[in-house]
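Need the complex rebuilt from these two chains, each delivered in its own frame; the hints are there to steer you.
One letter stands for each residue in the lines below.
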Amino acid sequence: MPILRNLVVAAVFCGAPFVAAQAPAGDAARGESAYMKNWCHTCHGTVGQGGDRGSGPRIAYDLWPYEAFAQQVRRPREVMPRYPAQFLPDSELADIYAYVAAAPRGRKAADIPELR
Amino acid sequence: MAEDEKKGGLARRDFLKGAAASVGATAAGAVLAQSTPEAGRGRAAAQVAPAKLGEPARKDKPLPGDIVIERPGSDFMLDVIKSLDLEYMATNPASSFRSLQESLVNYGGNRKPELLTCMHEEAAVAIAHGYAKAAGKPMGAMVAGSVGLQHAAMAIYNAWVDRVPVMIFAGNGLDVGKRRPGTEWNHSVQDPASLVRDFVKWDDYPVSLQHFAESTVRAYKIAMTPPMEPVLIGLDIDLQEEAIHEEGLRIPKFARSRPAQGDRAALAEAAKWLAGAENPVIIVDRAVRNQDGVKLMVELAESLHAPVVDLGGRMNFPMTHPLSHNESRRALVREADVVLLLEVGDPWAQFNSLSDPHKEMRHVGRKGVRIVNISMQDVYIRSNYQDHQRYMPVDLAINGDAQASLPALIEEIRKAVGDDRRRAFTARGEKLKEAYAKEKRRAREEAAHGWDLTPITTARLAAETWNAVKAEPWSLAVSDRIPWARRLWPATDYHHMLGGSGAQGVGYAAPAALGVALANKAKGLFTVTFQPDGDLMYSPGVLWTAAHHKIPVLYVMHNNRAYHQEIMHLQRMAALHNRRPDTAWVGNIIDKPAIDYAMLARAQGVWAEGPVTDPGKLGAALRRAVEVVKGGEPALVDVVCQGR
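Residue numbers (this note's numbering), protein chains in the order written: chain P, 1 to 116; chain V, 117 to 760.
Next up, chain V with everything else stripped away, as it sits in the complex (with noise of 0.2 Å):
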């Protein structure tokens, strides 16, 4: 009796039961779940009748402080994150899924999926979005389902513009009857997911545990079939926080969805329209999600000896292979018979132009181009967020996955070429690799212009870089910031460059880098990341994040101290309204106090150097850095730079 009365009058004999009958929630198929519901009842019976205020206690009533829920349903919900295999969860603790984070950490021993405390919700969805691009699967963000969502609307926007899985979990309480008043109604919504459906795959506010593992396995199942984009379940509080009384529990198979194929006749007849052009042009954006797909688009590009543009939403070509021609785009659109697009993000912008401010339009491309676009755009696209782009009308619209889709292209251009198309391949091959050698020679030269000058040029700052992570497995985390990395970094594989935030919103480069440097830890690779000074300072909170769960990642600092680009706005605006265009500057430096870095990050725990305004001493720092980031820690160098 004694024994019962520790586990809060929960019967031994159905204690025992419950553990027997326990099964390891695995991703295999339908199991049953950890959390049984006999050990719900048990803890459900001694919630009855607690005594009330000011009434002498008696033996026959328990105490509030005698309930023991042993089994929440919380735990079950935990059951049915771990059967995902996801590996981590970024939060900032809120009282709304308070039950989940307790599970999570003394039911699920804060293994798979581990906490990562964040400082801002915000960060804890950027950190997801760059470990989904380098780990190639989600993990979960969890965040209190009004405020935490209000700060996690962009993050979660740039994920869905960038077609990144994220696993978003939302704290929330819909009985009226049981919020606390104040704050808990406050924190209360009717719909959480209201706020960010318009850049959500999917959502759901599951009622139940069954509805809980149904909907959350279905959500995953969403969110990682192209095109991938973050899904969001609500973690209602009294699902989480009462006992599971629901019996027969299962939670379901997961099986992925394998990516679309685009119909076989049409790749045929891109295939046909490749291998008869003149002068083909590939260009590729988020088409590629492993290196199995930069070796199909390897073949692809040899198959034609067609020249690739990348435009970097993804690793997608080789940056070492002659046929690698980013800096080319406009003058190869221009002559070009047949492009091909895998799934560009903006189709229109590759064969025209507007100027701003004055909006003059102008089409680049010559008459009779035919275009070829392979995505899965037309399956998913949402009307009030435009980030669609504007209309681009083509020749041959393949719906389908692009990696999914090379494998039968390849075949069919390798079916359609013929040995005198062979021969012109061939020659225009050499061409190309001519072109490649003298873009090469010319990116050097161009770098070399300013190389000694103070504020240090972004040139040096990305060949100082290369110079010091170079014998390292490198990775570079966000590289959409420093486009001289574009330039000058040989990158051949898919983790060499994770692309950048999808939608542009600031905020997204310290956080994503961690998130990429934590799926790299796992592999062995060493992360390094440009960090722009307006960037680090909407979550500078991150180096804790990085410092307190030793995360190793170098953050190399873009520190010119204003928002440059706001300011060439303001000089547009006022040459369009006759103005004075020096006090472009107002509102938009960061300067005067000019912020300290590397203090910033000491603050917080991270090794950190600077703020270095020496070229000369640049690659010093750097490689002390690196040594720090070896060591299996987060460092940051300071790096004052030109503007841009």
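Same shape as in the complex, but just chain P (with noise of 0.2 Å):
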């Protein structure tokens, strides 16, 4: 088991084609609930976007395959702190994905005025 977690957190920060397997099923809306409930949006923003430098990278829009997600939550590297099952219940855990997954991308830099 260790080695696979390993395998697709490697394949996940080389970018190396990595076939995922189904997420299970999550309801977004009750993922919000639980997203914001867990204070994630402190660090990642609150649909995944990304804090400013020195805090939580972005987790939406380009989102990780579920197994290698779950395995940032349960056992994570870096410097986030572990969200284990008896507090963030694996269903929770998939509201949550679910969330995250359905963050809406908004505009590209070059259709945004103040950003050109």
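Simulated from the structure, these hints should not be mistaken for laboratory data.
Even for Gly, the Cβ is constructed at its ideal location relative to N, Cα and C.
Treat each hint with caution, since some may be false.
[Stated by the list, open to error] On the chain P side, residues computed to face chain V include the following (Cβ under 8 Å): (1) N38; (2) Q49; (3) V79; (4) L115.
Written as structure tokens, this is what we have:
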């Protein structure tokens, strides 16, 4: 199992092609509630768009495969705090995943006058 | 005789003599003070034999109300202070310096220095901190030596860590026979500076006026010699309030110490290493103190076509320059064969990291990398407070002021670079130019993420603010609070970004921005700052000071209604202790009720809008605020933002 986890993470970090297993069904509306309740937004922003330099990276838009996402939540690399299943059940994690996956990508920089 | 009586018994002949002997105090050289001992003796004579309580008034004995001290010691103290060209004196009033305050207003005309009324001593010192970085010289902060200095302590520590000169004057009374019972005893201390001696560069408690003159000029000189730091001078109550009785008082000449250049041979060796390096990197933090320094940094980088990572303690290097690579520090250090550190506050952290909370250390940097460190850190270091950071072994440590050492270093590099190296440098420069353009594109793309979200993203906050101020001669007073500004704003000049607090002591941003604005006002610059909500609540009275003194500054609130960094720390602790993480907000939110910062500002006479929650309305609100600031007044726009 650790080997599989490492492979998943390695694939994600290296950008290598990886065929993810189907993510468990989650409810985006419930996911928003769980995301906010657990203060994920304090570092990653309210839809996972990422924070300023020095805080949490963007997790939305190019969402990791569910296995890698879950791996990072349960046994995180770097400084992110761990969220064990006893406090964040698998069902809630799936809901959060659905919420972040549903984040609208929004406009590109080229379409925003203030960023030209 | 009637004329003499009006002067409290001072002989008219002596009074005129004193006036004729007055010499304007200047910084040009040692001068006699305007406050003469002749005048002092006049009032001293009037002090004798006051009528006893209950005793009928006698014509030959003056009543307490008859006593006049026309030339108190505080007049001379002010002459000394004026000789140092201090423009402002920030205070929260206190009786321990009442005589000097009165002299400053009535004897000195409340000009140079002008009193700034502050609501807290911490704000007074932080104003002086921001001012010094923008003005290039210190101002004064006058505090009570006991409770006032306790309030001021954190701000002094910030200035200490940020290497900024501040002239702190601390009122106090030593003579127990003259202290009023009660409060004055509670507010007296044997040795005021002991409270802050760990983080001021020098202090003294003068016991005579001549002593005050010499120590104050010495303190100013010490504060202005790199590494620049705060200094403290005690203001003895009796010395202030009693008459001048010393003969021949003189204000010493002030001559500024030239910053020390690093050893020439060592700079030549560093130049050879840098010239021969395949992947040199320049990391710079508090190296530059004016635009001349920025120009030298450009010359240095271009002489090598080397990337510059500006850590932002000062605005060291133009962010529009293709050799500016602030976002690539880790990657550059990993590949570097020679790294040049220029007055870097934490050299160890450039090559190492320590994870939190598990404390796993990682080394970044390739084997055999040669490190050159040009710094004054080894010259001045204290033991107790640990701002000296972890010990970092380097290959060539050059003791010297970075900016003062740059001309010689550049010259040595030019000597060391042959034609073959120049060709290699050009190729390196081209690659770096491409990487620079790529990073700028990436920054804009990343800033677009969540552009239309509510709460407003910090990237949009930075971009909208830039658009509102870009037509003005802008200056971002506190430039480390919204890092997006450092990625998106085209800062080129020293005054464009004035760094941060130094020690990350919260409560710096609001008053420091005011100090920056004070200095910028004289230069015709437009001051804007991002104002964290938690920081403002340390000293919200700063807004009143801004309104009262008509200091034009635009506060753009980063109102995220929590101490979000602390929430993250609580989450880490909960995870470490295997406990629920969803309680991390307890003790860390600034909500329920949410604070109305616009109302807080308006209550103190500051124009304000907000809370702005709709990102589409932010730009217009900021533009309206810019017009207010251009009219010479402070303004605040409260923006409800994402956490970070």
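Please verify that hint: Q49(P), Cβ, nearest Cβ of chain V, below 8 Å or not.
-> holds (3 Å)
Could you check if L115(P) really has its C-beta closer than 8 Å to a C-beta on chain V?
-> At about 5 Å, which falls below the 8 Å cut-off, the nearest Cβ of chain V leaves the hint on L115(P) intact, so it holds.
Holds or violated: is there a CB of chain V closer than 8 Å to the CB of V79(P)?
-> For V79(P), the interface hint holds, since the closest Cβ of chain V sits about 6 Å away, which is under 8 Å.
Is the interface hint for N38(P) satisfied, with its Cβ closer than 8 Å to some Cβ of chain V?
-> Given a least distance of 5 Å, the restraint on N38(P) holds.
In the structure shown, no violation is registered for any of the earlier numbered hints.
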